[in-house]
Amino acid sequence: MTEVTLVQAINRALRTAMAADSEVLLLGEDIGVNGGVFRATEGLLKEFGADRVVDTPLSETGIIGSAVGMALYGLKPVAEIQFLDFIYPGFDQIVSELSKFRYRSGGQYPCHVVIRSPYGGGIRGGLYHSQSTEAYFAHTAGLKVVVPSTPADAYGLLLSAIFDPDPVIFLEPKRIYRSVTGEVPDGDHREPIGKARIVREGADVSVFAYGAMVPPATEACQSVETEGVSAELIDLRTLVPLDVPAVLASVEKTGRAVIVHEAARFCGYGAELSAILAEKAFYSLRAPVSRVTGFDTPFPYALENVYLPNAARIRQAIVETAKAG
Amino acid sequence: MTEVTLVQAINRALRTAMAADSEVLLLGEDIGVNGGVFRATEGLLKEFGADRVVDTPLSETGIIGSAVGMALYGLKPVAEIQFLDFIYPGFDQIVSELSKFRYRSGGQYPCHVVIRSPYGGGIRGGLYHSQSTEAYFAHTAGLKVVVPSTPADAYGLLLSAIFDPDPVIFLEPKRIYRSVTGEVPDGDHREPIGKARIVREGADVSVFAYGAMVPPATEACQSVETEGVSAELIDLRTLVPLDVPAVLASVEKTGRAVIVHEAARFCGYGAELSAILAEKAFYSLRAPVSRVTGFDTPFPYALENVYLPNAARIRQAIVETAKAG
Amino acid sequence: MAQSVAGRVATDASATELASEDLEPIYRTILLARALDERCLTMQRQGRIGFYAPVMGQEAAQVACGWALNPKDWVFPSYRELGLALTRGVTPGELLNQFFGNSSDRLRGRQMPNHYGFRDRNFVVSSSPIGTQIIQAVGAALAARRRNDALVTATFFGDGATSSNDFHAGLNFGGVFRTPTIFFCQNNGWAISFPRSRQTAAKTLADKGAAYGIPGVVVDGNDVHQVFRAVREARARAVSGEGPTLIEAQVYRLGPHSTSDDPRRYRTESEVAEWKQRDSIERLKHELIDAGRWSEAQDAELLEEVRAEVATAVNRAEAVAPTDPLTILDDVFASRTPELEEQRRQLEEMLRMGLVKP
Amino acid sequence: MAQSVAGRVATDASATELASEDLEPIYRTILLARALDERCLTMQRQGRIGFYAPVMGQEAAQVACGWALNPKDWVFPSYRELGLALTRGVTPGELLNQFFGNSSDRLRGRQMPNHYGFRDRNFVVSSSPIGTQIIQAVGAALAARRRNDALVTATFFGDGATSSNDFHAGLNFGGVFRTPTIFFCQNNGWAISFPRSRQTAAKTLADKGAAYGIPGVVVDGNDVHQVFRAVREARARAVSGEGPTLIEAQVYRLGPHSTSDDPRRYRTESEVAEWKQRDSIERLKHELIDAGRWSEAQDAELLEEVRAEVATAVNRAEAVAPTDPLTILDDVFASRTPELEEQRRQLEEMLRMGLVKP
Ligand SMILES: Cc1ncc(C[n+]2csc(CCOP(=O)(O)OP(=O)(O)O)c2C)c(N)n1
Ligand SMILES: Cc1ncc(C[n+]2csc(CCOP(=O)(O)OP(=O)(O)O)c2C)c(N)n1
Ligand SMILES: [Mg+2]
Ligand SMILES: [Mg+2]
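Residue numbers (our numbering), protein chains in the order written: chain A, 1 to 325; chain B, 326 to 650; chain C, 651 to 1008; chain D, 1009 to 1366.
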C-alpha cells in the first residue's frame, strides 16, 4: 500500500497491467516522451519501449480506429484521448465499430479496447477542456462506462477494465487528479466493474454521485448532519453496467434521492437514474427526485464556478429533498 | 391543401423554402440528379440548379463542416445525412462547432443550419440503417431537435426549422415516409417548434411518443378503449425544446405515464421525460412511469420486429399502468 | 502453396506473375461469383432476401487480389467483396445463410445481406459506414507486427471511401508506422450516383498515396495479371518492412449500387455498355481458349456447374430455421449484464403473451 | 489600399511583391505581437490570466500573410494567430479582454484565452478541437461565391492539424468545388511533443495538395517576402476561379506549446537555439537597417513604444468588471427557451442565497 494521487494510481495501474501482460499496449497523443499532458503515462515509454507506448499523429479517428484493429487481432490496447472533449473525431469508430463489433459479428470479434480520457470541469479549461459527456457513451449499447473518484478505485477499476473482455470507456476526473490522494495496493488488485460503493450510510436521503462530484457531495452530506439530516452517499463508479440493486436498496431505505453530476441536465445520466427510480422504486419514493447538475448550456470559461455543482448547491438539494413531501 | 406522403411533404417544404429565400440551399450525398436515396429532394436540382442543390463527396465531416461555414457567412444551408447512422463522421462538427458557435462567440456567430436525416427502424435496414439516437443530440446544449410524425407536421416544422435562427436536427421517420399520408397546406405555413400535439385526449393514462412510434401508439390507445381505459396520446414533435407544460398538464390530469420510443432504453430520451415527471409531477403520479423502448442492444437485422416497440407492447404497458398503484 | 479449400490462392506463394495453371480456377471463381450475384438479385426481386449489393464488374479485381494474398493475411472488406470472399474459401452456402440471416448465419442474423465475416478465414466482418475498416486494418497490422506474425493486412474500399476520415487516418498511420498493409481501392466509377470525377480533384486515386508517403499504383482491375502482380509486389514490400501500398484498381460497377438503387437516374446506358466490353469474363475465357486450355463446350459445362452449385446452396440455406428471438440479447457483452438478463426475461414474457412476433 | 485601423494591410492591394514602405509597419506589428506575447506569458505565471499559448517564432509568417489578404477576406484561425489578429486591426486591449474573460470580452468570457474572434474584422472565433476551421472556411468560401462576393477565405492551422478529419474534408471539398480558399499551414515543427517528422510520412506538408488536386507551396515562414508573395499568388488564383492553394509556411514554435507545457521534455536546447538564429525580428531589423530605413535608436524607441502600448492595454483590461454570472444562460439559442428561463430563475435564487459564487 502506498499513498498516491489519482493520476499516479492510473499510472501505476497501467504499469501493473503492462508488466503482467505483454499484449497490453498504450497509444495516444503525447503519451510517450512527454508522459501524457497530465503525466498519466510518465515513465512508461522508458520502461516498456516505443512499441508498447505509441505516440500517434493527431487523429482520434486514427487512435480509436487502430485500437479497434489491434483488438480485433487480439491485443489489449489502451487508448488515451487527451481530453474527452476531443474524442468526437473518433466517435464514429466508437459508436459504429467498437461498441458493435461483438454483436454484429455474432460474437466472432470481441473488441477489447479501453479508452481512457480525462473529463470534466474545474481546471479553468473552458469549453473544450471541461465537458462531461458520459451520457453519450452510456446510451451506446455495447460499451461499459467507468468513472472512478478515488486513487484505489482508479487503480482497481482500470486494471479490471484492461482485462475486461468488453470495450470500456474509462473517464478520469481530471479536476481531482492531484487533489485527492489515497492508498493503493501494489499488485494486480482489481475492483469489480458494475458495483457501486457506499461512501457513507444514511437514513433520510440517498445521494448519487460519481467522479469529481464525489468530494463536494461528501462535503454536503457531512454538512447536512448539523440540520439533523442523515444522508447516504453512493459513488456509482460504473455507469454501465449500473449497480441497480444498490441504487434501489438505498432509495427503498430513504425514500428520497438527490442525483449529482456536472454534465448538462437535459438527457444527462441523472435522467436515467431518476427514470429507474420512477419505474422501480416508485412506491418507496416519498419526495420528488432532485437533480443537481450543470446548466443546459455549453461549458463556459469565466463562469465555470457558476456552472459546476458545488457542495452548497448539493447541500441545499439534500435539505429540500429531506423536507419535501 | 393536397394529400401527400410524409416524404413528399418534406420535398414540398424544401421547395417552398427555396422558392421563398434564395439563401436556402441543400447539400448532401446523392441529393442532386438522384433526388436523394428516399427521393426527398426529387426535382429540386432541376428547379433550383446545382448551385443550390449540391451533391458532395462522401464525407459527413465535409457536409456538416461546410454547412457550418456557409451558415457563419449568412446562408441557410439544409444538409441531408443519408441515414442518421452515418452522421458520426460529422459528429465533431455538430457537438463541438454547430451547437456551440453562438455561445462561444458571445452571440457573434449564429449557426443557422438544418440537418435533415432519416432515422429509425422498420425497413429491414439492419444495424446501420435503423438507429434512433436522438438522445445524443437532445443532450447537446445548443441544438434543437425536431421529429415529425405526419405530413402536415413534417411540412410545417421543416419550414420553421429552415427559418429558425438556431441549428436544428430534423429527424425523419423513414419507416412512415410513404405509409402515412395527409393533407399539407400550400404556402409558407409553419408549425411552431417547441409545441407538442395532443393526438387524442384521454383521462386515465398519458402516452408520450414521437416519430414512427406515433402510429402504433395511436393504435394501442384506441385498442385499450375496449378495456375501459381512456388513454391520452401526446406526440412530442420537438424533443428540444420540449413542451414541458403540455407534458405536465397531461400527467397532472391522468396521474399515469407511458413513454414510447424505439431507441435503446438506457439513457434514452424517455429517461429525461420520466425524470421530469419524477421531479415536477411527482405529487400527481399514481403509478410507476413505464417506458416501452428498444432493447439495450445494437439494432438487429433479422429480429428487427422483436426489437421495435409495437402496438401490442404499448397496449400492454398502458393497461398495466392504468391498473397499477 | 497448393490450392486448398480454406483459401483458393496462388500455386506459388511468392511469384509476382500469375501462373498459367491458376487461370482456370480464377476463372471458375469469377463465374461462381457472377452466378451467385445474379441469383441473389433475382431473389431480392422475389422478396426472398431483403437487400442485395451486387459485385458484377469487380469480380476479377477481387479474385486476382485474393489469389495473391496468403490465407493467413487478414482482409478488411467492405460490403461488396463477394469475389474476395470466395478466394478465402467462404462457400456460397455460408454467404447465403448470412443473406437470409438464418440460424446458421455465423453472424446470428445481426447484419444486412452482404455484411458478412468469418474469423476462421481471416475475413473480418464488414460494416456499412464507409471507410471504417481502413484504419482498423492498419491497427491489425501493427498488432501482427507486435506478435511477429509475418503477414499483411489488406483492406478493400471504393472510390467514395477515399473521402472518408478513416481513409485519411488509415493511410497516414500506415505511412507513419510503415505497417504491412495493402490499401486496395476498387474505383468502380461511382459512389451511388456520385461519379469518381467529382469525388476528388486528384488526377488518380493512387495519387493520394503521396500525401502519406506511400507508393500509389493504378491497375486495370479487369486484368487479373496486372492486379495479381501489383498485389504481390505490395505484399513483398509490406512483409519486408517497407510499408504499405495504395493500389487503385480501375473497374466498373455494372449493376445498380444495390437493389434499392436505380442507376438509370444518373448514368447513361452507353457508359455501361462500354464497360461491359471490358468485362473480365469474356476476356479471361478468350485468354484460356487462346492458350488452348479451354473450349466453348467446357465453358458451357462450367456455367451449368456453378449455377447448380448456387441452386443447391440456395435450397439448403432457405430451409434453415430462422434465428431464435432470444438471441437478440446475446453478444452485446461477453456475458449478459443483470439489466440485459432482465430484458431477456421481459422478452420471454412478451413472446409468451404473443406481444412480439419475430 | 491604404493602411487602416480596421486592417493593417498592404499599400498595394494587388502587387505580388511586398512594397518597401510596408516593411516598417510589418516590423512594428511583429514587435507588438512579441511584446504582447511575452507579457501574457509573464501574466500567466503570475496567475493573472489562466492560460496562454504563445506565438513566438511564427509572427512573421502570420503578419506577412495577413498583410497580403484583404480586410474583406474571411480568416478562420486556430488558437495561435496573435500576429494575424493584429493585421486585422484587432487591438491588444481587445485581445486582453478576451484573455481575462471580462465583461468587455466580445465573447462574454465563454472561451479560454487565445480563442477569440471578431465578426466585424472577418476574423472567425477560433476553437480548440484541431482542424475544425479548415472545412468551415471552405463552406464560407462557397457561400461567398454564391453571394458573388469577390473575396477569399483563408484558414490557419498547424502541422498537427494536417492529420485531422477536417483537413481531409476541407482540402477535398476545396479541390472539388474549386473554392476561393487559402489553406495556410504553419508547420512549426511540433504538435505539442510530437515532431513534424512523425506526423506524416509525406516529404513536405505541401505535398498533400496533390491528393486533392490542389497546388502546394512551401515557403520560409520567417521570410516576409516569400510569405507575402505566396499568399498574393494564391489569392489571385482564388479570386480568378482557379481554386484553392495549400501553403506550408515553415516556422518554429520558439516557446512552449502553451503555459501547461514543458518543451524540455521532448526537444533539445540546440534545436531551439538554431531556430532562434533564423528569427524574423533580427532578420527584418537588419533588412530595414541595411536599406537605410532604420536605426538602432529607432529600434529601441519602437520597442519602448510597443511595450508601453501593451502595458496600458493590460492596465485597462485588468480594471474591467468581471462577467455577469447570469449571462451564463444567454446565447445558447437566439432567445432563451422556457427551460433556460427556469434555470436562470434558479440561478438567480442560488446567487441570492449565496450557494453559487462566481
Ligand atoms: C459514412 C457513410 N456515409 C454514407 C453512406 C451511404 N452510402 C452507402 S454506399 C455509398 C457509396 C460508396 O461508394 P464507394 O466507396 O465508391 O463504394 P461502392 O459502393 O462504389 O463499392 C454511400 C454514400 C455510408 N454507408 N456511410
Ligand atoms: C481534436 C484534438 N485532439 C487533440 C487536441 C489536443 N491538442 C491541442 S494542440 C495540439 C497540437 C496541435 O499541433 P499543431 O496542429 O501543429 O498546432 P500548433 O499547436 O503547433 O500550433 C493537440 C494535440 C486538440 N486540441 N484537438
Ligand atoms: Mg464506388
Ligand atoms: Mg505545430
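Think of the hints as simulated: they come from the structure by calculation, not from any bench. There may be inaccurate statements among the hints.
Said to hold, decoys possible - Think about it this way: if two alpha-carbon atoms lie no more than 27 Å apart in a straight line, the pair counts; the simulated DSS-like pairs of lysine-lysine are:
1. D:Lys1365 <-> A:Lys323
2. B:Lys520 <-> A:Lys253
3. B:Lys371 <-> A:Lys280
4. B:Lys578 <-> B:Lys605
5. B:Lys578 <-> B:Lys648
6. A:Lys253 <-> B:Lys605
7. A:Lys253 <-> A:Lys323
8. B:Lys605 <-> B:Lys648
9. B:Lys578 <-> A:Lys323
10. B:Lys648 <-> A:Lys323
11. A:Lys253 <-> B:Lys371
12. A:Lys280 <-> A:Lys195
Now the hints, each set against the structure:
1. D:Lys1365 <-> A:Lys323: holds, 25 Å
2. B:Lys520 <-> A:Lys253: Given that 27 Å is the threshold and the Cα spacing comes to 39 Å, the pair is violated.
3. B:Lys371 <-> A:Lys280: violated, 56 Å
4. B:Lys578 <-> B:Lys605: holds, 13 Å
5. B:Lys578 <-> B:Lys648: holds, 16 Å
6. A:Lys253 <-> B:Lys605: holds, 22 Å
7. A:Lys253 <-> A:Lys323: holds, 16 Å
8. B:Lys605 <-> B:Lys648: Measuring from Cα to Cα gives roughly 22 Å; hence the hint holds.
9. B:Lys578 <-> A:Lys323: holds, 26 Å
10. B:Lys648 <-> A:Lys323: violated, 30 Å
11. A:Lys253 <-> B:Lys371: This hinted pair is violated, its Cα atoms lying about 67 Å apart.
12. A:Lys280 <-> A:Lys195: Between lysine 280 of chain A and lysine 195 of chain A the Cα gap is close to 18 Å, so the pair holds against 27 Å.
Comparing the model with each earlier hint shows violations of hints 2, 3, 10 and 11; every other hint is respected.
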